[in-house]
Amino acid sequence: MMTPSSQEVTELLLAWRDGNEAALEKLLPLVYDELHRLAARYMRRESPGHTLQTSALVNEAFIRLIDQQQVHWQNRAHFFGIAAQLMRRILLDHARGQARAKRGGGLHRVSFDEGAIVSEQCAAELIALDDALNALAAFDSRKRRIVELRFFGGLSNEEVAEVMGMSLRTVEREWRKAKAWLHHAISEGETDEA
Amino acid sequence: MRPERWQQIDQLLEVALDHPPAERDAFLTKACAGDETLRRKVESLLRSDEAAQSFIEAPAVGLAAEVIAERQARLRTGQQLGHYQILSKLGAGGMGEVYLAQDTRLGRKVALKILPTRFTQDAERLRRFEQEARAASALNHPNILTIHEIGQVDATHYIVTEFIDGQPLRQRMNDVRLRLSEALDVAVQVASALAAAHEAGIVHRDIKPENIMLRRDGYVKVLDFGLAKLSEAPPEIIDMHAPIAAKVTTGFGAVMGTAPYMSPEQARGQSVDARSDIFSLGIVLYEMITGRAPFEGESSSDVIAALLAKEPLPLAECLAEVPRELEQLVAKTLCKDREKRYQSVNDLLVNLKAVNQDLEARTNGRGVISGEVAAVHRTSAEYLLNEIQHHKRAVFLALAILVIASVTLVYFEWPGKAIDSVAVLPFVNASADPNLEYLADGIPESISNSLSQLPHLKVMSRNSVFSFKGRNINAKEIGQKLGVRAVLTGTVTQQGENLMISLELVDTRDNSELWGQQYNRRLADVFAVQEEIAKEVSDKLRLKLTGAETQQLAKRPTENLKAFQYYVQGRAYAHRRTREDLLRAISYCEQAIKEDPNFALAYTGLSDAYSNLGVRGYIEPREGRRKSEEAARQALALDEGVAEAHAALGLVYTHYAPFNFSLGDRELRRAIELSPSLAMAHQYLATSLARQGRLEESLEETLKARELDPLSPIIARTVVLPYYLKRDYARALELLRQADQLGPPFTTLLEFGVYVKNGTLDETLGRLEKAKLERKDDPLLIYGIGIIYAAQGKRAEALQIIKQLEQMSGSSLIQAQWIARIYAGLNDREQALTWLERGLDAGANAGFVKDEPVWDPIRNDPRFTNLLVRMGIAT
Numbered sequence: 005m006m007t008p009s010s011q012e013v014t015e016l017l018l019a020w021r022d023g024n025e026a027a028l029e030k031l032l033p034l035v036y037d038e039l040h041r042l043a044a045r046y047m048r049r050e051s052p053g054h055t056l057q058t059s060a061l062v063n064e065a066f067i068r069l070i071d072q073q074q075v076h077w078q079n080r081a082h083f084f085g086i087a088a089q090l091m092r093r094i095l096l097d098h099a100r101g102q103a104r105a106k107r108g109g110g111l112h113r114v115s116f117d118e119g120a121i122v123s124e125q126c127a128a129e130l131i132a133l134d135d136a137l138n139a140l141a142a143f144d145s146r147k148r149r150i151v152e153l154r155f156f157g158g159l160s161n162e163e164v165a166e167v168m169g170m171s172l173r174t175v176e177r178e179w180r181k182a183k184a185w186l187h188h189a190i191s192e193g194e195t196d197e198a
Numbered sequence: 054m055r056p057e058r059w060q061q062i063d064q065l066l067e068v069a070l071d072h073p074p075a076e077r078d079a080f081l082t083k084a085c086a087g088d089e090t091l092r093r094k095v096e097s098l099l100r101s102d103e104a105a106q107s108f109i110e111a112p113a114v115g116l117a118a119e120v121i122a123e124r125q126a127r128l129r130t131g132q133q134l135g136h137y138q139i140l141s142k143l144g145a146g147g148m149g150e151v152y153l154a155q156d157t158r159l160g161r162k163v164a165l166k167i168l169p170t171r172f173t174q175d176a177e178r179l180r181r182f183e184q185e186a187r188a189a190s191a192l193n194h195p196n197i198l199t200i201h202e203i204g205q206v207d208a209t210h211y212i213v214t215e216f217i218d219g220q221p222l223r224q225r226m227n228d229v230r231l232r233l234s235e236a237l238d239v240a241v242q243v244a245s246a247l248a249a250a251h252e253a254g255i256v257h258r259d260i261k262p263e264n265i266m267l268r269r270d271g272y273v274k275v276l277d278f279g280l281a282k283l284s285e286a287p288p289e290i291i292d293m294h295a296p297i298a299a300k301v302t303t304g305f306g307a308v309m310g311t312a313p314y315m316s317p318e319q320a321r322g323q324s325v326d327a328r329s330d331i332f333s334l335g336i337v338l339y340e341m342i343t344g345r346a347p348f349e350g351e352s353s354s355d356v357i358a359a360l361l362a363k364e365p366l367p368l369a370e371c372l373a374e375v376p377r378e379l380e381q382l383v384a385k386t387l388c389k390d391r392e393k394r395y396q397s398v399n400d401l402l403v404n405l406k407a408v409n410q411d412l413e414a415r416t417n418g419r420g421v422i423s424g425e426v427a428a429v430h431r432t433s434a435e436y437l438l439n440e441i442q443h444h445k446r447a448v449f450l451a452l453a454i455l456v457i458a459s460v461t462l463v464y465f466e467w468p469g470k471a472i473d474s475v476a477v478l479p480f481v482n483a484s485a486d487p488n489l490e491y492l493a494d495g496i497p498e499s500i501s502n503s504l505s506q507l508p509h510l511k512v513m514s515r516n517s518v519f520s521f522k523g524r525n526i527n528a529k530e531i532g533q534k535l536g537v538r539a540v541l542t543g544t545v546t547q548q549g550e551n552l553m554i555s556l557e558l559v560d561t562r563d564n565s566e567l568w569g570q571q572y573n574r575r576l577a578d579v580f581a582v583q584e585e586i587a588k589e590v591s592d593k594l595r596l597k598l599t600g601a602e603t604q605q606l607a608k609r610p611t612e613n614l615k616a617f618q619y620y621v622q623g624r625a626y627a628h629r630r631t632r633e634d635l636l637r638a639i640s641y642c643e644q645a646i647k648e649d650p651n652f653a654l655a656y657t658g659l660s661d662a663y664s665n666l667g668v669r670g671y672i673e674p675r676e677g678r679r680k681s682e683e684a685a686r687q688a689l690a691l692d693e694g695v696a697e698a699h700a701a702l703g704l705v706y707t708h709y710a711p712f713n714f715s716l717g718d719r720e721l722r723r724a725i726e727l728s729p730s731l732a733m734a735h736q737y738l739a740t741s742l743a744r745q746g747r748l749e750e751s752l753e754e755t756l757k758a759r760e761l762d763p764l765s766p767i768i769a770r771t772v773v774l775p776y777y778l779k780r781d782y783a784r785a786l787e788l789l790r791q792a793d794q795l796g797p798p799f800t801t802l803l804e805f806g807v808y809v810k811n812g813t814l815d816e817t818l819g820r821l822e823k824a825k826l827e828r829k830d831d832p833l834l835i836y837g838i839g840i841i842y843a844a845q846g847k848r849a850e851a852l853q854i855i856k857q858l859e860q861m862s863g864s865s866l867i868q869a870q871w872i873a874r875i876y877a878g879l880n881d882r883e884q885a886l887t888w889l890e891r892g893l894d895a896g897a898n899a900g901f902v903k904d905e906p907v908w909d910p911i912r913n914d915p916r917f918t919n920l921l922v923r924m925g926i927a928t
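Residue numbers (my numbering), protein chains in the order written: chain V, 5 to 198; chain H, 54 to 928.
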């Protein structure tokens, strides 16, 4: 497989930042491929049962894919945003697949995919979280981005603050409120009531 | 909720959080100022804040990484892994994806399974799995899948095994309800495999229908010995009373077992022995017999609870006439206490065989001959003996068939039944290999092509015949639908490197078989088979082949099957004529040419597609003409005798103004001479004649084309043309509606004229708008809306459309002729003539038909007559 030049990826990233939506479509698979490669390596390096909890993966993808000379530090935000969204999408696809496999089994035969990485319960939780996050984004896209970067991208509050160009204090406050909103939406099953 | 309200709540929440918990109440009383709803909302969010301490604090990035890493193990067709080339995906399971692959070193087909990354990280476990898998394979038992190799390329671990031509038991059970004899036969063979493995100290641990393959010849193969070991929990968890959850934990990162086929001891996480396999086989047997699982539940934990505590329904309650011995046998395999179960598979095997023999005896006693004889293998020696007898029988049968066939041929040459028309149906691919699909389509296509070249025999075109693919075939019904006297059907099966093709020629009047034959060939010889079949069928159709005709039959269009398949697919799309379909046709033909650069037919497909793109303004008409002509000439250079190439060239001359009808018609007639059954040659000729105003002759040709290819959407549309030009609008509309049943509507210019003349304006407009949703920016649809507006007298709207078309046309004036038509519809003679002239200058008057009613407003103008002359149309 051809590895794209960092020049190419960087240009796509900048084009997307400048409002070229088509650039994102080209960018996504490239970022995905890189995450792919890195993820397999991380999995080998980690001892079984121990899972990656940090942004190391995304960070490394960024360093490998993007020409650091050319990119202003603010563009990190775009890249991390993309990576986190990608992680969210992948995980949700997987969770929905799980949920479908279960439903498809019907009454007589519950279909168990023993290859499931995500358990039934966890899949349901992820889907609920995703719905709640979408509902939250309708009012406050900033909170959505913070949740994506932290939960799906593995960034710390400090990193989120740096990437989004906000104070640490703001990130902490927004994160806490976002959690309250999401938890509330999921546990009460209400997302949009007056 | 309104955004302002949401903002208000969020801000209050923020300030409240800044207050110490004890002071929040007072703060809210003041801040909410009696708005109780607001207060309740903020309070409930504060409660959530407390409950959400650890909520989503641990990131899911690791989980996502795991999912991504897992996905990496997917291979693409054509990819090379070590010395294996991936041919297609056979399936996916929790234990990895399985592919059909070609072993390029040994030149054989194999099954290649990729092991999921998470199971291969522990080197020690991987080693133990390998050891066990190899040990099982080394038993060399006929019911145990043979492993060729366990290997690794980079981080990808894989197992290569023999490729089984058949289907998993799971699929079989989904497709049909198994007969009792079949269920018992499968159970006997699985038990035989287990007996051998257990004797060698190997426990399978994961017996389930997905791991049992049914080979086409009746042999059952058990897969994945040792594999379960990889996914199992580490051995230290051997706690007699461990909670069930230990095995089926939920939460991030947990792995689940195959709950529905677990034994109680497995579900408890206890140590597992041979008796666990017996329980699992019992579940499979129960399910085969009754069609339902013995232990059911909504979720994995429900199923496990059921298998630990509940007794399954007796077989007798699910099925009539269950032998008592079988009931007892199944109950004994499903004992929760393993001490009360069968203690060895051999014991079970003895009982299974006894039940099976009783059943056979009873069935035969009643005079009902069971369709298949269940294979009963006793010992290895007996098995061998059985095998030999089995083959002997097969040899004898083959001989018998041969004899009968020759006798039939000598004495039953169907006197008096002259067969003058035939449809060669797509063959049924009865192999598990999806790659053989192209043979199943390609061989009949080739036979049909060869037969088309014979005079006096009408051969139904592939396009019409293709709609019967995959259907239950009733020759009589097809005969009526297509108007043929005989249909040829076939089945392709593959065994290893051997290919078996069974053919049947059926009389459509009474469904009687006229002729049948089987061909057994090596896969590599497929073109020779094709030739043989084509020749033989023609013989049987009592055609006296002259020497020249025999030569024609032997001609192979290409040696490359893939190329042929691409070409066939490309042609199928081209018949639909939308922009997307035509572009797809081009891409397929290009792929065909890439496979075989000397494949003349592929160039003809390319030529036709470019012609049709240009004539519809989907590409610049001049470019369409140029590329089309180039491709047609290329095809002729490769092979002057290809009818399609002459047809394609004829189309170029008669499709684009200025026309050259004498040259074009000559090419078209040459095509018909070469291949009288080539529907499209008749169709192109019909269109050419219509452009020249020779409507009766045109009608005759369209009817011939339709007879040869009654299901082609574009040919059905061509039949409309002469009626429309003869101004029989009602009949034209009727035929157009029929054509719409066959393919997408609005793919030719003439259609809109038919609607205008019939006055179905609003309805057509509605359908156009709907079609536009799918075919965005299709200029043909935009033109259609414009001409309808003009007919409705909506001048301003029509002019708006003209503007749009003008913009789309650009400097090359692609849609000039269409703009002229709308102006004519608006009775703006000056503009109509001007645009028509401009179009001609720009080479854009493709597909012009002088007799179209749309030109009536300018027909008598001398400028129009002058235009006709310039376009090469006699006046």
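Hints are computed from structural coordinates only; laboratory data are not their basis. No residue lacks a Cβ here, since even glycine has one placed at the ideal position from N, Cα and C. Please note that a few of the clues may not be correct.
Derived coverage of chain H by chain V (criterion: at least 3 residues anywhere in the stretch with Cβ under 8 Å from a Cβ of chain V; other residues may be distant) [to be verified]:
| id | segment |
| --- | --- |
| 1 | 60-74 |
| 2 | 92-99 |
| 3 | 109-115 |
In silico negatives: residues of chain V with every beta carbon more than 12 Å from chain H [to be verified]:
| id | residue |
| --- | --- |
| 4 | Ala-19 |
| 5 | Ala-99 |
| 6 | Asn-138 |
| 7 | Leu-153 |
| 8 | Ala-189 |
Checked hints:
no. : hint    : result
1   : 60-74   : holds (count 5)
2   : 92-99   : holds (count 3)
3   : 109-115 : holds (count 6)
4   : Ala-19  : holds (24 Å)
5   : Ala-99  : violated (9 Å)
6   : Asn-138 : holds (15 Å)
7   : Leu-153 : violated (10 Å)
8   : Ala-189 : violated (9 Å)
This entry does not satisfy hints 5, 7 and 8, going by the numbered hints stated previously.
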